[in-house]
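Asks: If you read the protein sequences in the order shown, they are chains A, D, W, H, Y, E, F and L. Here the numbering used here is used: the first residue of the first sequence is 1, the next is one more, and so on. Here the numbering used here is used: the first residue of the second sequence is 1, the next is one more, and so on. Here the numbering used here is used: the first residue of the third sequence is 1, the next is one more, and so on. Here the numbering used here is used: the first residue of the fourth sequence is 1, the next is one more, and so on. Here the numbering used here is used: the first residue of the fifth sequence is 1, the next is one more, and so on. Here the numbering used here is used: the first residue of the sixth sequence is 1, the next is one more, and so on. Here the numbering used here is used: the first residue of the seventh sequence is 1, the next is one more, and so on. Here the numbering used here is used: the first residue of the eighth sequence is 1, the next is one more, and so on.
If you are wondering where the hints come from, they were derived from the structure by calculation, not from laboratory data. One should not assume that every hint holds.
Stated by the list, open to error - Heads up, simulated PhoX-like pairs for lysine-lysine below, C-alpha to C-alpha not over 20 Å straight-line:
{"no.": "1", "chain 1": "Y", "residue 1": "K58", "chain 2": "F", "residue 2": "K14"}
{"no.": "2", "chain 1": "L", "residue 1": "K104", "chain 2": "E", "residue 2": "K58"}
{"no.": "3", "chain 1": "W", "residue 1": "K30", "chain 2": "W", "residue 2": "K3"}
{"no.": "4", "chain 1": "E", "residue 1": "K65", "chain 2": "E", "residue 2": "K30"}
{"no.": "5", "chain 1": "F", "residue 1": "K58", "chain 2": "W", "residue 2": "K14"}
Number of protein chains: 8
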Amino acid sequence: LRKGFAEIVYCPGKSDEQLENIARALANTKENVLFSRAAPHQYEVVLSILHDAYYHEKAKMIGIKRRETQTTVTGLTVVSAGSSDIPVAEEAAVTAEYMGCAPKRLYDIGIAGLHRLLAHIETLQSSLAIVAVAGMEGALPSVLAGLVSCPVIGVPTSTGYGANLSGVAPLLTMLNSCATGVSVVNIDNGLGAGYLAGRIVLQSTN
Amino acid sequence: LRKGFAEIVYCPGKSDEQLENIARALANTKENVLFSRAAPHQYEVVLSILHDAYYHEKAKMIGIKRRETQTTVTGLTVVSAGSSDIPVAEEAAVTAEYMGCAPKRLYDIGIAGLHRLLAHIETLQSSLAIVAVAGMEGALPSVLAGLVSCPVIGVPTSTGYGANLSGVAPLLTMLNSCATGVSVVNIDNGLGAGYLAGRIVLQSTN
Amino acid sequence: LRKGFAEIVYCPGKSDEQLENIARALANTKENVLFSRAAPHQYEVVLSILHDAYYHEKAKMIGIKRRETQTTVTGLTVVSAGSSDIPVAEEAAVTAEYMGCAPKRLYDIGIAGLHRLLAHIETLQSSLAIVAVAGMEGALPSVLAGLVSCPVIGVPTSTGYGANLSGVAPLLTMLNSCATGVSVVNIDNGLGAGYLAGRIVLQSTN
Amino acid sequence: LRKGFAEIVYCPGKSDEQLENIARALANTKENVLFSRAAPHQYEVVLSILHDAYYHEKAKMIGIKRRETQTTVTGLTVVSAGSSDIPVAEEAAVTAEYMGCAPKRLYDIGIAGLHRLLAHIETLQSSLAIVAVAGMEGALPSVLAGLVSCPVIGVPTSTGYGANLSGVAPLLTMLNSCATGVSVVNIDNGLGAGYLAGRIVLQSTN
Amino acid sequence: LRKGFAEIVYCPGKSDEQLENIARALANTKENVLFSRAAPHQYEVVLSILHDAYYHEKAKMIGIKRRETQTTVTGLTVVSAGSSDIPVAEEAAVTAEYMGCAPKRLYDIGIAGLHRLLAHIETLQSSLAIVAVAGMEGALPSVLAGLVSCPVIGVPTSTGYGANLSGVAPLLTMLNSCATGVSVVNIDNGLGAGYLAGRIVLQSTN
Amino acid sequence: LRKGFAEIVYCPGKSDEQLENIARALANTKENVLFSRAAPHQYEVVLSILHDAYYHEKAKMIGIKRRETQTTVTGLTVVSAGSSDIPVAEEAAVTAEYMGCAPKRLYDIGIAGLHRLLAHIETLQSSLAIVAVAGMEGALPSVLAGLVSCPVIGVPTSTGYGANLSGVAPLLTMLNSCATGVSVVNIDNGLGAGYLAGRIVLQSTN
Amino acid sequence: LRKGFAEIVYCPGKSDEQLENIARALANTKENVLFSRAAPHQYEVVLSILHDAYYHEKAKMIGIKRRETQTTVTGLTVVSAGSSDIPVAEEAAVTAEYMGCAPKRLYDIGIAGLHRLLAHIETLQSSLAIVAVAGMEGALPSVLAGLVSCPVIGVPTSTGYGANLSGVAPLLTMLNSCATGVSVVNIDNGLGAGYLAGRIVLQSTN
Amino acid sequence: LRKGFAEIVYCPGKSDEQLENIARALANTKENVLFSRAAPHQYEVVLSILHDAYYHEKAKMIGIKRRETQTTVTGLTVVSAGSSDIPVAEEAAVTAEYMGCAPKRLYDIGIAGLHRLLAHIETLQSSLAIVAVAGMEGALPSVLAGLVSCPVIGVPTSTGYGANLSGVAPLLTMLNSCATGVSVVNIDNGLGAGYLAGRIVLQSTN
Ligand SMILES: Nc1ncnc2c1ncn2[C@@H]1O[C@H](COP(=O)(O)O)[C@@H](O)[C@H]1O
Ligand SMILES: Nc1ncnc2c1ncn2[C@@H]1O[C@H](COP(=O)(O)O)[C@@H](O)[C@H]1O
Ligand SMILES: Nc1ncnc2c1ncn2[C@@H]1O[C@H](COP(=O)(O)O)[C@@H](O)[C@H]1O
Ligand SMILES: Nc1ncnc2c1ncn2[C@@H]1O[C@H](COP(=O)(O)O)[C@@H](O)[C@H]1O
Ligand SMILES: [Mg+2]
Ligand SMILES: [Mg+2]
Ligand SMILES: [Mg+2]
Ligand SMILES: [Mg+2]
Ligand SMILES: [Mg+2]
Ligand SMILES: [Mg+2]
Ligand SMILES: [Mg+2]
Ligand SMILES: [Mg+2]
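Only chain A is shown next, with the shape it has when bound in the complex (with noise of 0.2 Å):
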């Protein structure tokens, strides 16, 4: 039961060895394949067996796409605080456009100025799910779910130091935002909010 993937693989930690084998077992799938946190040489190992093997560098992650997805749906609005924080967003908009997504991208509109985040309101408001991911102090989420009524998945990110404690402090603020609507997945998860909020849209459009 992948759901729409034949497999997600993470890849750090995984020897060459481990990867050809597994890039191998999938030669044939009729699926989606998606491996996350991969190294450029790793996909150097999985695109000389998966010839299909396609690398999102900002993502650093390595697609197979097999299904033909139907049309692409929209919807899914994924947003970042700061520029350090683009590589788990791309994460989290790449996971989605593999399930059949077109998410739109507002990156580097953090709360720090809330003009640059009013200036899409439109944007946000007509959304199905919005994926905010945030470092440093995390607010973003709490300030977009009081914004929107859709569903508002907040990613803490390890971007910061000292009390930030490696993301701790951004996930403690969106776990405890006074506004509805939020849910919180593990720091830097893209890939968790990206299906996530890719699974609502689907169900909401359909």
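Position chains D, W, H, Y, E, F and L with the ligands against the provided structure of chain A, taking the given hints into account.
Replies: Just chains D, W, H, Y, E, F and L with the ligands now, with coordinates in the frame of chain A:
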């Protein structure tokens, strides 16, 4: 922008006087209202002003139903692991009811006895959203997400002792879920989970 | 060097006898005195000795005004996110009042409803110092500091539950603020924030 | 009292010189010896002195088999949730082998796919002791203990990221297991689990 | 699969009504039943329905003995470090008694006075399993495991103050034991330790 | 609203390409610009585009001075406890310089030798704001605040080891200061403290 | 080996019956006895059996003086930062008194007012051991150790709130002391500090 | 007031230039000097300026002996639990040597093998101060303090993994010691322990 509610009032720490003022201000609202974590005597206070107030005992919630919700929508399932987790599960279920949902309740089917959970597999697999409430080690949402394809909202509870750390242990468990499709809300936050799951179900049905 | 106060007495844990001794020692002081976190009956004890003692109920503070503060100085704004944060906000406001300030109070304008906050933008932008009191996720000081140019003193409160960790969550949020101009005091420490903000306003006006 | 081993040497941080001295001191022992967490080049060092040293690559262990273990004893099962947990699982399995056990290995059968686990139900239910190795959310030992009646030794691993907190999350999960029959060892401590489970199996068979 | 018990009921937080329902459902069971952490008045409630209920005061447990346990099995030793740890030690001992064991109790023999511990060295070294209950610094299981060869189940208790952190300190101590043969259960979880040790002893004797 | 700066750029994790883009966008700004935590080679990158960029080595900051700051304002004192805290102290001092301040620097005058601190008592007592930078136990801001009446901004640093917990220990120390007049910024956040203190000094002088 | 005491009894959690048994067992001892953290009514219980029991109210200790301590030894100074720290300071002082010491008490001389501390510099510099008791930020031992050459035993107290974390903040402060000559005992452990300092003074005088 | 040392320099993070400046300033001191945690090449730097500098390799300390310490004083024993703890133990021993002590070293006698510790009981019981260095679970100081009557200074080390939490586990263990006579210094702080123990021994001998 209360998203279907005129107000959701958090009762702990509020004086009778404060509650009276809030209740008076809501006298003529045309939207539904919820008071969460309300002690029985706080219900008396609210009832003396809002005569259509109803007390949901297990959920410790006061509800004022003003908006005729069109038709009761199915697709939401609220699951609890242990019997101590029921108050939090009820908070989720009642919240969704005031949004127009008719949640199914599956209580006390935690993972220590998998057969009890597997007995409900069809209900679970046909859900549009699941709220999974669990204390102790909090493994229920992960196990569920491995069995279904709809979104699973995990609610860790403070049920447990020692290394449970007042709910931090199941919170971490749920955040680290290795199954895709799980997102998490604050410890004991049935309200937030119920609202979010209700939102997803309504979106997916309309 | 009590900096304008003869003494600031922290009441919790002090016996009636200890309070009486402290009060007697202050009988003839020419400086103002504050007793913080004073229970109603502790006020009785102090009043029986210092007949000019006044009880600020919401702030739970006893004040003795001995020094004729020259003129009430404007420029300090005390903001609270929720209604449960008011006691801490009042502690800040009352402290500054005894230093000669006339703080503006803007309560219950947290970020879940940005419009309530933006309605006061002129007051906020013309302040010389802002005390921003917030529990739950504690995002208020960050949002404010993005809108104003004066110093913002953040006071995290212990309002919340679960992953709020008795105020540690909003404390971390404020420390990680990505907007410049925010500094932080201890959880629930309205007194420290009020003193500091009062100090800045007085310096900036003289 | 090394309980069947002449010595179990922990290699990290030991200089080549220290290892040589330890190896020399063990030259004539009649008991088995294990070196744990040994880097490949540390094996060279030990091998240059103890010519019967064998390197268990996956377990990163060096073994010296001096005592003829009577007969290989069955009843121990070593289970791993993911493929990243295999090194720790191997540490457990190899340790038990040097005690005279013949462990069954069931790897990569974590709870995200219950069917893979349930496929081995007979092996599991006929075990005398199970070592259950899991990172991420660490729910495997709980689920297993709900299915079997023998002791389950949980080994949390540091596999994961973010709120995994380097293995603290699965450690807490296992400590809070609501199924009886689970006990826990330190994060990544395959050796301790393998020793303990081996001990239980040997006791239960003799 | 309750493994010898019809049910093990955790009493804290259960209403009288809930307990009555549980008791009624167990009226005709042929297996033993335990209620843990039962307040004296909860015993009254259970006794009013199950007339063969017995209250183990020190262990705060209610027991219903329905299955004639064949013969009392020796080999289990329950050790406590201090006298404040006795309730947890009793919980372990009583649990094992209902499984058919006859545990030896060695209480108040912590490491501050090694001679008291060494006085029992023969009992300890001939055990098949030891439950070692300790609060404060929790060093007892480590010291014991250095002296015996059977499995030692460590139970940290919340006895202590300050840096004891409600039992987290002895929990960490036990998890880091440098002696092999120690595994750990949750803080104050005498029940889990007693069950596990009983299981090991029964397996090792049959 | 960058409050006197066109931009303050946080360099860690930014690629050369990202820095080039940022630099290009700032080519014609009329406001000052700061790049914080810039590695030497990142300075090269910026310099190649902004030819008036200057590298403040000790502070690891790149500065672009575009706005003729009217006159250098006195009243700010930057104090460091140890010599390892100097980089953070310099970050504060340089930030304030770009705002128009002329900070006094008093370095290596921590509390282990009170005489060194007391030797500067006059400078300290005539300051309008003090930035106090300290690692290890972080007691400097408390001691200072007991001696002066102006605001003290504490900056905990990650200097130390073990129970220092990467700066969490001095952070807690400063938050708990029993002297009034102390507020705190994030660990190693010289920039935030310098900005805030500069702001206070400028306000207090105009 | 109670080192000068027949027994030191920790009273919290002990039933009257347990205390009576302990008291009876000590009836004829020739060594001194201390009961720490004794509630007033626990004194009654002990007194009914040991008629020479004395209650040290501020220290919450019961003392039985059986051994004629040769002569009262000077050289120990017990210092407290605030008035809330006095009970812990008294626990230290009384413990040392029963060992034959005549401690000097310097209370309420914390670092917020350095002059109060410096007024006692001669007493401090001629001490053979100092017990320094402090809550809040706990900087007192560090400041003292910078002024004297004898050993300083730091005792963090749980006085404070919020980020004080029940004494963890001053504990960390003391452990990170950058002045040599400081060691630390558990939060609120006046007894341990008094014993240790008494031991050092006695050794240094004999 | 360096108390017998002209200076004790902490080397990590110091540039060669900084070390050279420090060394030059110490050229003509008549007191001893220590440089702690010095890398080999930092020794070269210091040696090039101070030609009587000596490198204590195991302790990673550079020593400059300028003061003829009268006579070497016995009574100090430095104990280590494991062989990985030796560098910290050496830091303590060398520090005391420069104060005029002749410490006995008892290494690798941790509690996993009590006999090794008991073999040295006479040396231990005749000591005037003991430094007890231990990582892993850190139980050594407690066990020692139960056997001797002199002060025991516990030094937790960062030796270990997982739930060792970089030395926090043994730190907590030592702080919670239920044996009287133990005090604690920071993780890996051999220098602080050696200085303190040396101080006690010197005081007790003069
Ligand atoms: N049980 C609950 N858990 C989390 N948030 C809640 C709960 N009940 C009400 N709220 C939210 O808390 C806020 C109430 O704040 P207040 O102004 O203090 O009444 C609103 O934003 C509600 O949506
Ligand atoms: N609410 C408060 N929060 C923080 N510090 C306080 C508070 N009230 C008084 N203080 C400070 O606490 C100290 C009082 O300590 P004590 O000697 O115990 O009365 C003084 O330094 C006061 O400035
Ligand atoms: N991987 C391991 N995890 C936990 N303990 C170990 C491991 N390997 C060896 N040990 C134990 O660590 C101790 C080795 O200490 P030493 O070699 O003296 O530093 C012995 O008590 C071993 O039983
Ligand atoms: N003292 C205890 N500690 C840990 N688990 C317990 C204890 N008592 C009962 N249990 C378990 O907790 C669960 C009880 O859940 P419930 O009664 O449904 O809330 C069962 O799985 C019991 O085996
Ligand atoms: Mg940006
Ligand atoms: Mg149940
Ligand atoms: Mg509100
Ligand atoms: Mg797998
Ligand atoms: Mg005892
Ligand atoms: Mg210095
Ligand atoms: Mg005071
Ligand atoms: Mg060893």
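Asks: All hints are to be evaluated individually against the structure, with a verdict given for each.
Replies: Structure-based check of each hint:
1. Y:K58 x F:K14: 13 Å, holds
2. L:K104 x E:K58: 44 Å, violated
3. W:K30 x W:K3: 13 Å, holds
4. E:K65 x E:K30: 9 Å, holds
5. F:K58 x W:K14: 13 Å, holds
Hint 2 from the earlier list is the only one contradicted by this structure; the remaining hints agree with it.
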